[in-house]
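Asks: Sequence:
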Amino acid sequence: MSTVPAPPAKPRTGGLRNLTLALIALLAIAALAYALRSRLHIDWTSLLQQFHAVSWLRVGIGIVLIYLCFVLRAARWSVLLAPMRKASLRDLLPAQILGFTGVAIFGRVADLARPYMIARRTSTPVTTQIAIYSIERAFDLAAAATLFSLALAFAPRSTPHHDAFARAGILSLALTLALALIALSIRLAGHRLAQLIERLLQPVSASLASKLAARILDLQKGFGAISSFSEFALAMSLSLIMWAGIAGCYLMGATAFRATPQLANFSISATMLVMATGMGGSIVQLPILGWFTQVALFAATMHALFGVPLETATACAAMIFTMTNLSVIPGGLLTAQIEGIGLRETVVLRNTP
8 MSTVPAPPAK PRTGGLRNLT LALIALLAIA ALAYALRSRL HIDWTSLLQQ FHAVSWLRVG
68 IGIVLIYLCF VLRAARWSVL LAPMRKASLR DLLPAQILGF TGVAIFGRVA DLARPYMIAR
128 RTSTPVTTQI AIYSIERAFD LAAAATLFSL ALAFAPRSTP HHDAFARAGI LSLALTLALA
188 LIALSIRLAG HRLAQLIERL LQPVSASLAS KLAARILDLQ KGFGAISSFS EFALAMSLSL
248 IMWAGIAGCY LMGATAFRAT PQLANFSISA TMLVMATGMG GSIVQLPILG WFTQVALFAA
308 TMHALFGVPL ETATACAAMI FTMTNLSVIP GGLLTAQIEG IGLRETVVLR NTP
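For the sequence shown, the residue numbers in the numbering used here are 8 to 360.
Hints in this document: simulated from the structure, not taken from any laboratory. For glycine and all other residues, C-beta sits at the position ideal for the given N, C-alpha and C. One or more hints might be untrue.
[To be verified] Distance ranges between label pairs, derived from CB positions: (1) I345 - N272: 17 to 23 Å; (2) A89 - L215: 30 to 36 Å; (3) R144 - Q202: 19 to 25 Å; (4) A251 - L96: 17 to 23 Å; (5) W63 - S234: 43 to 49 Å; (6) L317 - D170: 42 to 48 Å; (7) L186 - H59: 29 to 35 Å.
Model the full structure from these sequences, guided by the hints.
Replies: Spelled out as structure tokens, the structure:
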């Protein structure tokens with residue numbers, strides 16, 4: 008397999024482009040907010056008052072947790088890559104920060120830039136990094152689903168809609184175990200499973216059948232990189248700690264609004280529900296516009312399920328989204344400047360040979 012050679016050194020001209028890009032994004036947000044100001048039935052005075060009562064210490068703690076999660080992502084990638092090549096956090100961390108900065112600005116299309124950047128930095132095959140990316144997604148899903156299921160299944164009785172949430176938690180836990188069995192099947196018989204899926208779906212959609220078969224083979228290759236139970240346990244432990252940190256950021260963002268009782272006393276179970284909403288909304292995240300859809304989903308969940316006033320729910324949703332998704336942008340701009348690349352490369356890099 009061919010490797011991706013390290014790119015030649017080039018002058019650091021990305022800083023101005025990155026700053027211009029950030030300014031354009033901010034102007035786009037301001038223009039859209041101004042255009043919709045008369046259509047949104049929100050008391051903007053009350054909305055601004057909510058921010059005055061925010062605990063900025065909790066906001067800061069949440070942002071620190073998010074940045075620590077990038078370190079954990081890099082550490083997990085190092086564990087998954089270790090059987091093929093040893094890589095340090097210095098090799099892997101910039102790609103994580105730049106990749107998620109690209110996702111925040113350009114949408115989900117930029118996510119695949121991470122394996123391409125790591126392939127360049129470590130001189131490893133792109134196919135290897137794509138396989139690790141696929142297994143990373145599987146670990147993310149398993150860890151998030153496990154925490155979500157446990158939080159709902161053992162939610163305190165005082166939680167609104169407790170019985171429904173408890174049933175949902177038990178169902179989610181059962182689905183998580185089913186996913187674990189599917190993952191084991193892919194690990195042991197991925198090639199046969201890919202052939203079966205392709206044969207069954209071929210009459211329906213040849214392209215879909217081919218894509219699913221390729222993804223199963225990518226997953227099998229990624230699972231194959233885990234050569235021992237200790238490596239699996241370490242990768243899973245890092246995943247659980249990381250997603251607990253992400254949940255902690257959501258909780259810090261909600262409880263930062265201490266003037267609102269529904270948020271000041273926000274529970275772990277409620278946090279996991281809001282986080283699940285965010286995960287669902289981020290699957291297909293559009294550039295810039297996706298910011299508003301995510302905030303709307305967060306706000307609707309808090310308002311409908313937990314009775315948070317709409318203005319407060321909107322303010323809290325905007326804060327949580329900024330902490331979890333947009334706080335990486337300053338770090339990404341700084342990393343891009345240090346690495347001497349432009350953020351636009353997080354999108355175009357995946358198209359390079």
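Asks: All the hints need checking, so say for each whether the structure fits it.
Replies: Each hint, compared with the structure:
About 42 Å separates the C-beta atoms of I345 and N272, a value inconsistent with the hinted range of 17 to 23 Å. Restraint check, A89 to L215: a C-beta distance of roughly 34 Å satisfies the suggested window 30 to 36 Å. In this structure the supplied range 19 to 25 Å holds for R144 paired with Q202, their Cβ-Cβ distance being about 22 Å. A hinted range of 17 to 23 Å for the beta carbons of A251 and L96 is consistent with their spacing of about 20 Å.
Checked against the hint of 43 to 49 Å, the C-beta distance between W63 and S234 comes to roughly 46 Å, which is consistent with it. Taking 42 to 48 Å as the suggested C-beta distance range, the pair L317 and D170 does not conform, at roughly 26 Å. Checked against the hint of 29 to 35 Å, the pair L186 and H59 fails, with Cβ atoms roughly 44 Å apart.
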